[in-house]
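*Asks:* The chain contents come next:
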Amino acid sequence: MIERITSKHIVAYEMKKRLRQYGKSREGIDIEKKEVNISRLLEVVPPPRRKGNFRDFVWEQIGFLNRTCLVWQLLWLAIFCIIMMSNMEPLIGTGTGLILLSILPPLLVLLTIEEITKVYQRSMLEIEYTTKYSLQTLVMVRMMLLNGVHVVLLLVGLLIIHGSLQIGMIKILVYGFTPMLLATCGLLKLMQYFQGEQLKIAGMSVYVGIVAICGCGSIPRFDIYRSAFFGIWGMVLAVSICSCIYQFWSLYKTLRKMELVTQRG
Amino acid sequence: MELRLDRVTKQYKNKIAVDRLSAKLHEGVYGLLGANGAGKTTLMRMICGILESNSGEILLDGEEIAGMGERYRELLGYLPQDFGYYPNFTAMDFMLYIASLKGLDRRYAKEKSVELLKKVGMEREARHKIKTFSGGMRQRLGIAQTLLNDPKILVLDEPTAGLDPKERVRFRNMIADLGKDRIVILSTHIVSDVEEIADWIFLMKQGQFLVQGTLEDLKKHYLEQVTAQEAESFNLEKLYLHYFTEEGELDDAI
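Here the protein sequences line up with chains V and W, keeping their order. Going from the first sequence to the numbering used here is simple: count from 1 and add 902. Going from the second sequence to the numbering used here is simple: count from 1 and add 1.
Watch out, some of these pointers could steer you wrong.
[Stated by the list, open to error] Cut-off 25 Å, straight-line C-alpha distance, at most; resulting in silico cross-link-like pairs (SDA-like, lysine to any residue):
no.	chain 1	residue 1	chain 2	residue 2
1	W	LYS181	V	ILE933
2	W	LYS119	V	ARG952
3	W	LYS111	V	PHE959
4	V	LYS1159	W	LYS120
5	W	LYS120	V	ILE1005
6	W	LYS132	V	GLN1097
7	V	LYS1159	W	MET69
8	V	LYS1020	W	LEU61
9	V	LYS1155	W	TYR13
10	V	LYS1091	V	ILE1005
11	W	LYS132	W	GLY163
Read the hints as simulated data drawn from the structure, not as lab findings.
Please work from the sequences and hints to get the whole structure.
*Replies:* Structure below.
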């Protein structure tokens, strides 16, 4: 028993001794040479790309948009075209057709309130404020993407129905885009004060207001679709474009500080 | 790397949440202990750049973090106290979403997400929706997302809330390992979490650091203030109770 223990110890001692001698007999690592070799290797085999760029970020946000929201938007387009192109002879060229042309596009904006504002969920705000592309950039990119989709869908819809309405393309564009831009302005302003369900209710209120104004077209005394009124439509369109740009900028500034965002909603 | 807090103050109307705090942080694990309302979360939010201080500065290697913007946020990993999520996202969707916000390449993000979900024991739940998760599972997911960008500054607010003892041990081992080459700031009510892994401990009360130091430093400080009998069995929990229990409160609790 004692012999076995002794021989085991001797073997272990010998192994340790030889390892120490081996370590001493080798030359120390030249750190500079090592760094040079590593950099040469990296030139041939570059390290995996860790960082994406801004274009990648925007592209990826498309993937994170809710599919249901996009389906609703396409459904809107189909319903819009069906309603406008259906054989409603009394409507063609009359105020009623134009009223429909004005009140249907803002619905596109209302369909996407939830998708835009889901990033405002308070519990996510803190994380989103501490990432490279913070909440400011995230909300702006999502809004640009969704509004871009709105513009494209509305343009497609207007082009499709152009033949059904006996009015020029310019009038169609003005009567279609102006209420949508007004709804967008209203929503951007409201986003600085409301979140979640409150924002949806406030958005609906804006829509009801737009419907009420456009509905005036059915009352001969207040017909805003008569030719004499077209200049005012043009002015309102120009003002709503400027206002949208201003509201985007204002919202961007509000999003800079989480304190401002959480105080509002 | 040095993160310096220089007389940082945050005031809300009549209340001073953080009161002229100063500290220098280097690589290692820093534990922040304090009762509710001590100012821990406010301090952590200021370190993360979410809140601006009313006065004082927070500097990283001599540069103010307020001016660094995106460059500072790229170095950060943050787990807030009330960790939020999008209910219909799966765990993997959520990791990829956060990775996207952190500006990570898609392919790298996928690999890193798989690795981190495995690290926190969530690899089987990667395709499950977060709304089906328990509190502990969500917390583990929250911890995983903080590490996506391999942050140099890791700020964790109550990270072990909802974790069972086995998960807490796993978490502590992970943090102890991470603290070797980055700044880890950890706030918690669970004294044993800090006691086991923190290199430096701050005790915070009413917006100020009551005492700070290594566990040994705190022990010396405690021994100077208590009787010989009380000094016999020192632990951090006793120190915590000594500073945060009002006179008579402990007797009532017993």
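*Asks:* If a hint holds in the structure, say so; if it does not, say that too.
*Replies:* Outcome of the hint check:
Taking the CA atoms of W/LYS181 and V/ILE933, the gap is about 22 Å. The hint holds against a cut of 25 Å. Proposed proximity of W/LYS119 and V/ARG952 is supported: the alpha carbons are some 20 Å apart, at most 25 Å. Proposed proximity of W/LYS111 and V/PHE959 is supported: the alpha carbons are some 15 Å apart, at most 25 Å. Only pairs whose Cα atoms come within 25 Å are accepted, and V/LYS1159 paired with W/LYS120 is rejected, the gap being roughly 34 Å.
Among the hinted pairs, W/LYS120 with V/ILE1005 is inconsistent with the structure: their alpha-carbon atoms are about 53 Å apart, more than 25 Å. Using a Cα cut-off of 25 Å, the hinted pair W/LYS132 and V/GLN1097 holds, with the two alpha carbons roughly 21 Å apart. A C-alpha spacing of about 15 Å is found between V/LYS1159 and W/MET69, which places the hinted pair at or below 25 Å, so the restraint holds. Under the criterion of a C-alpha separation no larger than 25 Å, the hint pairing V/LYS1020 with W/LEU61 is inconsistent with the structure, at around 33 Å.
A threshold of 25 Å between alpha carbons decides the hint, and for V/LYS1155 with W/TYR13 the separation of about 21 Å falls inside it, so the pair holds. Restraint check for V/LYS1091 and V/ILE1005: satisfied, since their Cα atoms lie roughly 20 Å apart, inside the 25 Å limit. Proximity of W/LYS132 to W/GLY163 is assessed by CA-CA distance (about 16 Å); at most 25 Å being required, the pair is judged to hold.
In summary, the numbered hints that this structure violates are 4, 5, 8.
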